[in-house]
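Participant: Join the two chains, each given in its own frame, into one complex according to the hints.
From first to last, the protein sequence lines are chains A and B. Every letter in the first sequence is one number past the one before it in the working numbering, and letter 14, counting from 1, is 15. Every letter in the second sequence is one number past the one before it in the working numbering, and letter 78, counting from 1, is 243.
Quick caveat, the hints were computed from the structure, so don't treat them as lab data. All C-beta atoms, glycine included, are put in the ideal place defined by N, C-alpha and C. It cannot be assumed that every hint is accurate.
Claimed, not checked - Estimated spans, in silico, between C-beta atoms of each pair:
#, chain 1, residue 1, chain 2, residue 2, range
1, A, A89, B, V762, 21 to 31 Å
2, A, I91, B, D756, 33 to 43 Å
3, A, A89, B, G761, 50 to 60 Å
4, B, V798, A, Q70, 28 to 38 Å
5, B, Q777, A, V20, 21 to 31 Å
6, A, I71, B, V762, 56 to 66 Å
7, B, M788, A, T98, 41 to 51 Å
8, B, G761, A, C16, 16 to 26 Å
9, A, I71, B, L775, 27 to 37 Å
10, B, L775, A, D68, 42 to 52 Å
11, A, L46, B, G761, 14 to 24 Å
12, A, V20, B, K752, 33 to 43 Å
13, B, G763, A, A81, 52 to 62 Å
To be verified - Under the rule of at most 20 Å between Cα atoms (straight-line distance), these lysine to any residue pairs were calculated in the SDA-like manner:
#, chain 1, residue 1, chain 2, residue 2
14, B, K703, B, T681
15, A, K5, B, L800
16, B, K737, B, P405
17, B, K471, B, F796
18, B, K477, B, Q531
19, A, K5, B, F796
Said to hold, decoys possible - Short derived list, chain A residues pointing at chain B, Cβ under 10 Å:
#, residue
20, H99
21, V101
22, V103
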Amino acid sequence: MEIKWYIGLALALFCTGIVGVLTRRNSIIIFMCIELMLNSVNLLLVAFSKMHAASAVAISNPNVVTDAQIFVFFIMVVAAAEVSVGLAIIVMLYRNTHSVDVNFLNRLKN
Amino acid sequence: MNNVLQMVWLIPVLPLIGFLINGLGRKNLSRSVSGFIGSGTVFLSFLVSVYVFFNVRSGNTHVAHYFDFINVTALKIGFDFQIDQLTSIFLLIITGVGFLIHVYSTSYMHDEEPKDFAKYFAYLNLFVFSMLLLVMGANYVIMFIGWEGVGLCSYLLIGFWFKNTNYNIAAKKAFIMNRIGDLGFLLAVFWLISKVGSVDYHHVFEFVSNTKTNRLTTFDITGITMLLFVGAMGKSAQIPLYTWLPDAMAGPTPVSALIHAATMVTAGIYMIARSNILYTMAPVTQGVVAIVGLSTAILAATIALKQNDIKKVLAYSTVSQLGYMFLALGVGAYTGAVFHVMTHAFFKALLFLGAGSVIHAMGGEQDIRNMGGLKKYMSITHITFLLACLAIAGMPPFSGFFSKDEILAAAFEKNPILWGVGVAGAIMTAFYMFRLYAMTFLGKFRGSHEQEHHLHESPKAMTIPLIILAILSVIGGWIGIPEIFMHGGHRLETFLEPVFAQSNAIAENSHLSHATEYMLMGISVAAALAALVFAWSKFSKYQKVEKEETGIGKVLTNKWYVDELYDAIIVKPLLSIAKYFNNIFEKKGIDGFVNGVGKAVNYGSRQIRLLQTGQVGTYVLMMVLGILIFFIVQLFL
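Next up, chain B with everything else stripped away, as it sits in the complex (with noise of 0.2 Å):
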């Protein structure tokens, strides 16, 4: 109890506590109440984290154990949290960039009613608390809680303006799909602990790892991880669960936002690279993941070519990044996911705020062809995209630019068409982004006259935040510059080594020389480059045109009809089946054979009711009959 890290349960417990005054007092809070208390509560946690940091780096590492959650015979669970380098990042940028957005939400929800409003923090405050317990919990269990957690607090975020029925419907998708991937996570639980025993991550790694201890057969730690990976894929939107991910952006921009682009996509992520030694002792699954991660990024960034909506554009590139952090994990580059997952949170957090800017001026619209030339009306948000879409496309000297190209290097080590498949996607992005930042604030506004003149820059809680991701976008790469640059510039990496160091002691170490990474790294940065000027040239002087879509472009526009795929061998499929049991089963079946056994009991009685004749006589010669009967079978058998 003498560690100071022992009071690290304040962390998720604040903004439970917000949760709980926004949530029972939400017809009594007036907004700015309401605001102060969801957005100080994270900003409370954030100082805990920053000092937890600190801490941690100082080599103060820690388990602090609380209660006993589950206890039967030899399994034990406890209510542990586990703070060290990884949870420690984990908490800067989720209490960090929850912080901003919380801000910016003060002011971008400022149209609903007070107990909506307060409703909507008490929401974003219970996802805080839940994403917290999952990366700080030192078991499974814990982490299952914090999974399950932020699950429910994205289906009623997604669903926030429940009355508008499609927004219901995306909302669903989102819970059902992660509800698949939760029952591979699950699995993997079970699998644990009838194999290893424990659920403990100190446990398992060192049963894992102890080539001694270890029973594991090739077998189990392959399903282990796979079942693992499936619950990944849930969470984190890969193939082929990623479909909920674009619909999810029926929510609130902020929301999406915080959700689903910064932290809670990344629970995947945070969780394969927690379990590190198990996918380093698990090469086929490594692999697996490397391939899905890649068939993301690349499927996604294709789609998101095509896309129209501001918030859809977004959401296609997030899944198309996530894909690059699972490549990260499949080549075994864990700082590599890590750093992306940190630098993503900036950017994409910050795209998905000024893209709710832009929203927020042009009065709800989201489809880019109507918007155009919103440069000079809103500077602020046109210079901090413009800087989150040049980190994005992984342009030097920003934070994009390191992250993506320690992954693509990594890739490049495991194999060469790894990292051109990555490349493409690269391209693919820069282009994608430079549509969107082109058709939104450069050529001429081509939206209604009304909504021109409504044109503004969004008022400061909105701005600041925005300027502050900007900053952390350019600069938050420099923490890992690579080798190359500068001795010992990667400090992210020897900051988490402690965390990787089993993994790394397995993998086997092949650094590329200097020359190849100039080269990879020039290649890419050109490819960008030049696709990033191209879409600037043709989409900046964008006309609308009438003409519809032929060819390979019906195709992405109709996102390679992946939904209508899902929906023929799916959905329709087990609602016809649910047709069949509702119409035929329930009502011949289950309805026949009730009302049948009430049918044969009145038919029945109706029978029985007549040898109740009512002569005496009648009853008399039963009785002498029955004790006839009595007498043959008492003298005769």
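Looking at chain A on its own, in the form it has when it is part of the complex (with noise of 0.2 Å):
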């Protein structure tokens, strides 16, 4: 499959990600939607390494290939590590507040 498709697909769930997190103002929704664009890198990122992995073999450095997609991994459990501290203060605001609404929670402006 050629690259385009690819960087399509990320633009894609990138811009669904960007418009999520605008309009949107459940924050579990908004929570979901910085995952897809996080995700969304990764996705470039993962894309970009397969692209560039002949000519990195050319140069008889094959580490190249595989660097990219472990990077990805690490970032995949970062981002775990992030949801579950950003799920736990979901949980706590609705504890306090029985609200997920964001625009509920601006009370701390002034």
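Facilitator: Below, the structure is given as structure tokens:
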């Protein structure tokens, strides 16, 4: 498959994420949209890594092929940890306010 | 360094030391100590000056270089002293008359607090120092240092009794008017530097008089001399800058004698006599100098006719006599001008000191309408004052006769009209001087009984300088006896010959026939004598009458309304402009702008603050919009 499909998919995912963050008020959905953006970037990373694999082999440095893919796993691990923290915050919010609406949460303002 | 004249630095440094001791120690010195230091240092300077004079007389002139004052690329201005005939004459006048006045002051100022007394002598010494610097400098810049220094001391001494507001105003007036003149002087120096590239007298005069190197156009030389003359107008109180001198009488009387009669006001004459070659090359300026001098002489003489303050009469008389000196400079009689400076220093210092003695006896009274009959109370003051009056009126064989006659003869050579007007001035001089003399010393005493009881002759420290000056006023003219009386009698002219040699070579010399000269002398003396007798008979039986002056008399009493005129055309408009700038421009313009900047920042930040909503969503939106704009710019522009 050509690289442009990967880029197109990543772009679509990223835009979905941005629009979601900007328009939705439910904090769980916003959180999911953030994850969506993160993973669209991961997807790009892997795609570009694959694209450059051939030339990397040509200069006899095979590590390059796998570096990005391993890197992506690291990102996923960190993201998973972050998700657990984020979800915990949202759970605590819900317990205290009985709501996950972000607009409702700007009462710290002023 | 082997020349004895190398030690002339002593002359100005001695008064400077006196100034430092009196100035720094004024809180601890007693009156007698500070008086002794003040007079002693000037006396030592006088001794050195006498020594220098005899050296110069035997033909030894010298330029002493001490250090480089200003040194930038091609322009080198050294701290140099030039000692020649002209300088040595002025040195003798300044230190000699200065010393006598210092001695006189020790008695006159005796009622002051010791610290004020010391301050007075410190100022006086500083003045002598600056004046010596002025006449000894070998270039225009050193002269300018002295020029400014005497202006400062004049200001300080006019405002010596600074608790009186009027005196302060008089001091400020003198200072500001002098500044106007100084600007002219300074511009002339800059002009000289740009055209000649030097301010040394030697270089400038050689450059100008040598026809090969002289690249100055008529415009340049006229401009330079005119600007220098503007400086002289301020310092030597000529039209239109003369009004400060009568007001300067606010200072102590010895100060008026030293600064505003004998020395400082003659600085302008010294400067022009020093630059004589420049003026000889600029006939237009010479004409202006002569006309300004003559009109000042006449105008001041007319004002003096109607003044009733003893010092004001003398002040206007000084202005008038300075006018004569400028007339002499204008018609090219440089020797005559210097001669008149010298004789005038003697008799005018004597007149002022005599007036001081009278004021002292009258307990501060200065109005001659309240005096009269002082002859029998103060015989020494009376006789010396009479001699000075005869001298200034130009009676032979007193000193004023010789110097004034020389000036008038030179004026006649140039143009008989100048002579005619000059004689008219001389008649007025005789009249107002003898009006002053008669009202003060003759007739009956018109003051209060208290004053009459208090009348006394002044102490010795005051009368001895009077006697010495009286002798000088009588015999001072004998060094310049005209050719027709005695062959080779004009020793001053012979002495000053080298200084004015270049000018005399250029100017055409036409000598008057002896018959004409006798006639001129006869007319002026006879006319002055008539005025003298008239004034004597009219005012010796003067009675106080309370009546308003009318017509021309009123105009003269009010000094031709010149002060009012200046007030209306210069002071008032300046004040209203200043008021406008203070009230409108300052408040609305500058304050408005400064406050406006503050208000704008304040208002702007209030508005911009609203962008920071605290909503994460808004920030993200802004971020996305920013990135979009970035992309658009990057990709499509």
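Participant: It remains to establish, for every hint, whether it holds in the given structure.
Facilitator: To see whether the hints hold, each was checked on the structure:
1. A/A89 to B/V762: 21 to 31 Å: violated, 51 Å
2. A/I91 to B/D756: 33 to 43 Å: Check failed, 57 Å falls outside 33 to 43 Å.
3. A/A89 to B/G761: 50 to 60 Å: holds, 54 Å
4. B/V798 to A/Q70: 28 to 38 Å: holds, 35 Å
5. B/Q777 to A/V20: 21 to 31 Å: Because 24 Å falls inside the window, the suggested range holds.
6. A/I71 to B/V762: 56 to 66 Å: holds, 59 Å
7. B/M788 to A/T98: 41 to 51 Å: violated, 27 Å
8. B/G761 to A/C16: 16 to 26 Å: violated, 47 Å
9. A/I71 to B/L775: 27 to 37 Å: violated, 47 Å
10. B/L775 to A/D68: 42 to 52 Å: holds, 47 Å
11. A/L46 to B/G761: 14 to 24 Å: violated, 55 Å
12. A/V20 to B/K752: 33 to 43 Å: violated, 58 Å
13. B/G763 to A/A81: 52 to 62 Å: holds, 54 Å
14. B/K703 to B/T681: violated, 33 Å
15. A/K5 to B/L800: Measuring from Cα to Cα gives roughly 18 Å; hence the hint holds.
16. B/K737 to B/P405: holds, 17 Å
17. B/K471 to B/F796: Not OK: B/K471 and B/F796 at ~94 Å, beyond 20 Å, violated.
18. B/K477 to B/Q531: holds, 9 Å
19. A/K5 to B/F796: OK: A/K5 and B/F796 at ~19 Å, within 20 Å.
20. H99: This hint is violated: A/H99 lies away from chain B, its Cβ roughly 21 Å from the closest one there, beyond 10 Å.
21. V101: Hint violated; A/V101 Cβ to chain B Cβ min 14 Å, cut 10 Å.
22. V103: Hint holds; A/V103 Cβ to chain B Cβ min 7 Å, cut 10 Å.
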